[in-house]
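Enquirer: Same order as they appear, the protein sequences are chains R and Y.
In this text, residue positions in the first sequence follow the numbering used here: the first is 1, and each later residue adds one.
In this text, residue positions in the second sequence follow the numbering used here: the first is 1001, and each later residue adds one.
Just so you know, these hints were derived from the structure itself, not from any lab.
Warning: the hint list may mix true and false statements.
[What the hints assert, rightly or not] If the Cβ cut is set under 8 Å, some of the chain R residues that face chain Y in the computed set are:
(1) VAL24
(2) TYR28
(3) ASN32
(4) VAL110
(5) GLY287
(6) LEU313
(7) PRO314
Think of the CB as a built atom: it goes at the ideal place given N, C-alpha and C, for glycine as much as any other residue.
The lines below spell out each chain.
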Amino acid sequence: MNDELRVYGLHVGIVGLLLISYFVLPEYHSGNLARIMVLAVYAMGYNLLFGYTGLLSLGHALFFSSGMYGLGLAMYHMDFAVPSGILMGLLAALITSTVVGFLALRTSGVAFMIVTLMFAQAGYLTVLYFGEFTRGDEGFVLQQSERVIGSLDLTSPAGRYFAALLLFAICFFLIMYIVRSGFGLALIAIRENEERAKMLGYDVVTLKLKAVVISGVMSGAAGAAYALLFGYAGATFATVQYSIFPLLWVLLGGAGVTIGPLIGTIFMFYLIDYSSSLTMAYMLVAGVVLVLLTLYAPQGLAGELRRSYFKWLP
Amino acid sequence: MEFGPHLMLASLEGAVIAAVLALTAMGLSIVFGVMRVVNVAHGEFFMLGAVIAWTVAYSLGAHPAIGFLAAIIIAPLLVGILAGAADRIILQKINYDPDRTIVVTIGLLYIIQQTTLMTFGPDARPVEPPFNQRLALPWFEFGESGFQLYWPWGLSITSYKLFIILAAITLLIGLWLLMTRTRIGLVMRATQQDSEMAGAFGVPVKSVYAWVFGLGAGLAAIGAVLIVPVQQAHYLMGNEPLLLSFIVVIIGGLGSLPGTVIAALLIGMSDGIISVFFSPTLAKIIATLLVAMVLVFRPQGLMGKLQ
Chain R
1 MNDELRVYGL
11 HVGIVGLLLI
21 SYFVLPEYHS
31 GNLARIMVLA
41 VYAMGYNLLF
51 GYTGLLSLGH
61 ALFFSSGMYG
71 LGLAMYHMDF
81 AVPSGILMGL
91 LAALITSTVV
101 GFLALRTSGV
111 AFMIVTLMFA
121 QAGYLTVLYF
131 GEFTRGDEGF
141 VLQQSERVIG
151 SLDLTSPAGR
161 YFAALLLFAI
171 CFFLIMYIVR
181 SGFGLALIAI
191 RENEERAKML
201 GYDVVTLKLK
211 AVVISGVMSG
221 AAGAAYALLF
231 GYAGATFATV
241 QYSIFPLLWV
251 LLGGAGVTIG
261 PLIGTIFMFY
271 LIDYSSSLTM
281 AYMLVAGVVL
291 VLLTLYAPQG
301 LAGELRRSYF
311 KWLP
Chain Y
1001 MEFGPHLMLA
1011 SLEGAVIAAV
1021 LALTAMGLSI
1031 VFGVMRVVNV
1041 AHGEFFMLGA
1051 VIAWTVAYSL
1061 GAHPAIGFLA
1071 AIIIAPLLVG
1081 ILAGAADRII
1091 LQKINYDPDR
1101 TIVVTIGLLY
1111 IIQQTTLMTF
1121 GPDARPVEPP
1131 FNQRLALPWF
1141 EFGESGFQLY
1151 WPWGLSITSY
1161 KLFIILAAIT
1171 LLIGLWLLMT
1181 RTRIGLVMRA
1191 TQQDSEMAGA
1201 FGVPVKSVYA
1211 WVFGLGAGLA
1221 AIGAVLIVPV
1231 QQAHYLMGNE
1241 PLLLSFIVVI
1251 IGGLGSLPGT
1261 VIAALLIGMS
1271 DGIISVFFSP
1281 TLAKIIATLL
1291 VAMVLVFRPQ
1301 GLMGKLQ
């Protein structure tokens, strides 16, 4: 079996496995899995920028919350239907990621991290400042009756699960396609050696901007889907913590591996779920995992697997 | 109150904020300057300083002045030792790689913060100031009888707040003397300029890094001990100083010490004044965006030089 077939087999297999899981797993876990798939889309968007392009952003919560509020506010205040609400969410993420990318990419390294962090912080404060519309920290709830496409009810467990799976599958295959295309390989070249990529004639600035925008829109899609499927938008999702989460998931699962984000999100979700039943200081787990990963497994779970066994993982 | 006295009151509050901010930001700036790493856990060292100060003052149970005196010695020392150990155990292992240092200090942030939540609890706890006389301040007017001084109602400052400002100035002068006039400072500056060359001349670079990291954290802790009689200790209190310190260090020029002091004065004073007269959220949004723009268009900071 050649590597091409292996890659397709793996990706189709994972989506198939997720499809079957709904019928096999008890309802509690399939509910969790719907949430995990949406969050994994967020992590996959982050992975394209961090894992493949080598740009560490500390402000992705801005893109996630752009999608969330783009859809949420349009549906809550202007009675948009679901499809046009989704479009508004994607549009909001597209605009914020283009502006942030355009400005932040003038810097590099540590300055890039701090600039993205600052923009995200400004975004969070903006949500609070317009509390009249966004209801600030408290957030707002999208009515069950609005969250339907035609006759498809997105609030039922099945509707929610398969909508999340559809979004996940689209983004999963898209990422698989991107990172093996010429564009994706150029991004990897930038990650490995930006100067050399420039010397070879790649337009590094435009490539990086494209990566930021694709990553931002995918994160925004996850945010919009989160608001739509779970019916709630709040300022918590714009905080620094939600910028750290995708970093954590990607580092744990494996940066620069297509299946890394899903693996990382599943592990971290259940780890936090379990520890928050023990103590209110559940973020302690996140801290310990971050430190241990950086020290002992900087490649993450899938990265270590790739290094030792499956060299063909994209 | 009229505008004049009101402005003076706001400036005094701003000066207190600026004094503590200068100490905290100086810690971050020294660490960045010498070690070239960004310490995201800096705000948590600040918070630990305040929490340890409360613990010391509470467990002594003596007169507030004795508790405070003990706290201002013990808290920075403990925090410094902890930070030095974190440097030895963690940062040294990853070779101060910039990206990985940020990630690992984010981890450290959560570990310190959440451990405090588990032990100290979610409540805000006050520490009694060692002394706290209210000093009324005069204001002038040009009335019918010409220039005269009067004491407007409400225009006052406590002696403790004045002490914060004086203590911060003393500490900063001491730090400046340490950096420019002593052998320790010489070694630190040598490491900052070229760590490899310093190593070749027999400077124990690894120990210097551990000491500098400890010193930076200790400065944040001192700032926290000074402010905790005014502000109360809380496990989330590190977030704001972290962000403000970032802003100060960036505006002042990464790693430039005089720039850091000037920027702290600027940010602290304007924070105090703006939040008295305007909506604090809007002020913060504008300040945050401005700082991001400074980094984008003038990455060496307002005072720094291009390297």
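Enquirer: Now look at each hint and say whether the structure bears it out.
Expert: Results for each hint:
Given hint, VAL24/R at the interface with chain Y, is violated; its Cβ is 34 Å from that chain's nearest Cβ, farther than 8 Å. Look at TYR28/R: its Cβ only gets to about 26 Å from chain Y, farther than 8 Å, so that hint breaks. A distance limit of 8 Å between C-beta atoms decides the matter here; for ASN32/R the minimum to chain Y is near 22 Å, and the interface restraint is violated. A least Cβ separation of about 5 Å between VAL110/R and chain Y falls short of the 8 Å threshold, and the interface hint therefore holds.
Contact between GLY287/R and chain Y, as hinted, is supported at the beta carbon level, the nearest pair being about 3 Å apart and thus within 8 Å. With 8 Å as the threshold, the beta carbon of LEU313/R stays out of range of chain Y, its nearest partner Cβ sitting at about 22 Å, so the hint is violated. Contact between PRO314/R and chain Y, as hinted, is not supported at the beta carbon level, the nearest pair being about 22 Å apart and thus beyond 8 Å.
In terms of the numbered hints stated before, the structure departs from hints 1, 2, 3, 6 and 7, listed from lowest to highest.
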